[in-house]
Every structure is written in C-alpha cells, then in structure tokens.
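Chemist: Below, each chain spelled out in residue letters.
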Amino acid sequence: MAEIEIKTAPADFRFPTTNQTRHCFTRYVEFHRCVSAKGDEAAECEKFAKYYRSLCPAEWVDRWNEQRENGTFAGPL
Amino acid sequence: MILRSLSCRFLTIALCDAAEPWQLGSQDAATPMMQGIIDLHHDIFFFLILILVFVSRMLVRALWHFNEQTNPIPQRIVHGTTIEIIRTIFPSVILLFIAIPSFALLYSMDGVLVDPAITIKAIGHQWYRTYEYSDYNSSDEQSLTFDSYTIPEDDPELGQSRLLEVDNRVVVPAKTHLRMIVTPADVPHSWAVPSSGVKCDAVPGRSNLTSISVQREGVYYGQCSEIRGTNHAFTPIVVEAVTLKDYADWVSNQLILQTN
Ligand SMILES: [Cu+2]
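First to last, the sequence lines map onto chains A and B. Mapped onto our numbering, the consecutive letters of the first sequence carry residue numbers 5 to 81. Mapped onto our numbering, the consecutive letters of the second sequence carry residue numbers 132 to 391.
Same shape as in the complex, but just chain A (with noise of 0.2 Å):
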C-alpha cells in the first residue's frame, strides 16, 4: 500500500477571510503564469498546481481549463 502524503495548500495571509474564491483562483492564474514564464515541466509550478487543486472546486478548474482553450479565460494570464 502507497504511503500517502498528508500535505495541503498552507494558509495565505493574502486571504485571511471566510472567502476563499480568490484563493483559489489566484493559484490557478499563478500556476498557468508559472508555466508561460518557465515552462511546461518546470519543476517549480507543480506546488501552485497542487495548491488549486486542493482550493478549487473540480467544476471550476474544468470551466476554467475550458475557458482557456477557447481563448475566453477572464484572468490576468
């Protein structure tokens, strides 16, 4: 059996409220600048994409993955 590692997105003190939209958000734009600068496979961005995964409801990274293929994603990217 895989040992499994418990680990999540810390705390952010960008966004110390109950709402946790921009949190997650903000991490999926991070990670998506991330890769434009560095790269597909750097190594760097893949804590950014753990990050809003965890934060992010799956519909909306789906939406959003969508959004950018079609050249509509509202971020700053």
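Rather than coming from a laboratory, the hints here were simulated on the basis of the structure. Everything numeric in this text was worked out from a predicted model, so none of it was measured. Hints may be right or wrong, so weigh each one.
[Claimed, not checked] For lysine-lysine, the following BS3-like pairs were computed, each having C-alpha atoms within a straight-line distance of at most 30 Å: (1) LYS330(B) with LYS11(A); (2) LYS51(A) with LYS11(A); (3) LYS51(A) with LYS306(B); (4) LYS306(B) with LYS330(B); (5) LYS330(B) with LYS42(A); (6) LYS11(A) with LYS376(B); (7) LYS376(B) with LYS54(A); (8) LYS376(B) with LYS51(A); (9) LYS376(B) with LYS42(A); (10) LYS54(A) with LYS306(B).
Mind docking chain B with the ligand on chain A? Use the hints.
Modeler: Chain B with the ligand in isolation, oriented as in the chain A frame:
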C-alpha cells in the same frame, strides 16, 4: 423519549453527536470551537438569570405596591440624576462582560491563518453532497471524490437515524487541522455539523472556508441548514472521525478503488 434526551444531557453514557428527540441543549462538543460556544452560552445565561430576577422583582413590587387601594395618590417623579446614571452605567457594564468573551470566541473561530493538514471540499447538490479530497491529485483529473446520498426514509437499518444517515460518510482524521471548502453546484446550501460547531453557508460561485479540528473519534451528524425549497431536509451530513493512521489507510484504499 424525554427520559432518553435527559439521560443524554446528564448521564453521559455515550456522547451526544446527533440530534435527539425532545432535545433542549446543544449536542456534545467535538471541537474546541463548539466547547467555546457552549461555554459562552452558559456565561451569557448567568447574566440572563440575573436580569430576569431583577426585572421580575421590580415588576412584582410595582404591581403589589402601586395600586388604587394601597396608594391612591400617585407620586409624580419625573427626574432623578442618580438613578439615571446607575441605569445607564450598569447595563453597559453587563453588555461589556457579554461582549468580551463573545468577540474573543468570534475571532478565534475565524482561525483562517492556521496551516491546515488536509483540505476537503464539500459541494452541495440537489439533493446530495459531493466530497472532493484533492490533496492527492497529480492532474486535474479527480482521484478521490464521491457522492454522499441520504439513506431513503423507508430503508434505514436498525440503529440508523431516519433521514440522518448517508451512504458514503466523510472520513476525516481526529486531532488534525482540517480546511473545509464549502460551495454548491446549484442552489444555496449549508454545511452544518452541530457537534463541531460549524455552520458554513454554500453560496453559488463562491467558496467559503471553515476550519475544524475534531478532538475525538466518532460519527457526527448534521443537516443542510439552508432550507430554500423542497428536499434540503434530505441532504444530511455525516462526518466520521478516525485516527490519522486509519485515515491514511482509507485514502489509499479509496485511491486504489477509484483508479481501477
Ligand atoms: Cu441544501
């Protein structure tokens, strides 16, 4: 029934982690937050009784003494500086004594800046909940997610609570900081577990955070608390707190099950 709920209150045979028939008080605390809420309730009740006794005494005394037979000519006092100062200062002091512990609790419940160990997403649907454990994902493909439906009214097994039990419980580790991300996929819902002292609204297009740390292993029951239409009553919440080791085993089992 009343006896059962009284024994639930006073003779702690088993701790009270689900709603009881005829229950008057809170369910037993499973998190420091709920303990704080119960303690605050008791603190405020002290002042409540004090005020109740004082006001009742004044009221009864006034009715007893100032009537036509005993006091035919009423006194006409329209002003009194001393009493006015006293009746302004004294209630403010009482309010202060209530406000201090109340705000302390309120801000401690906000504990957003504590690093959690696990993030669990509770997504409300009409009429079930989806739980996503996405800390173990290696791609946008979900690896550990499941739906939690209520057990229908006509087939609970012996010992299961009617409309309170679900088919897939949320498994969480005890004594660990959890970050619950609460959001719905359709209409407003609410994720509420009384023993944990948590009631978090699920608002469409927004994700709300609530952090809990369950202190003892057990099964905790809650219900959707955003009753805006039919069937919200049939989306209960069941949290099963286990040891960290059992949690890790459960996660790896689920991962194996869901990837195959
Ligand atoms: Cu609901």
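Chemist: Tell me, which hint numbers fail for this structure?
Modeler: Violated: hints 5 and 9.
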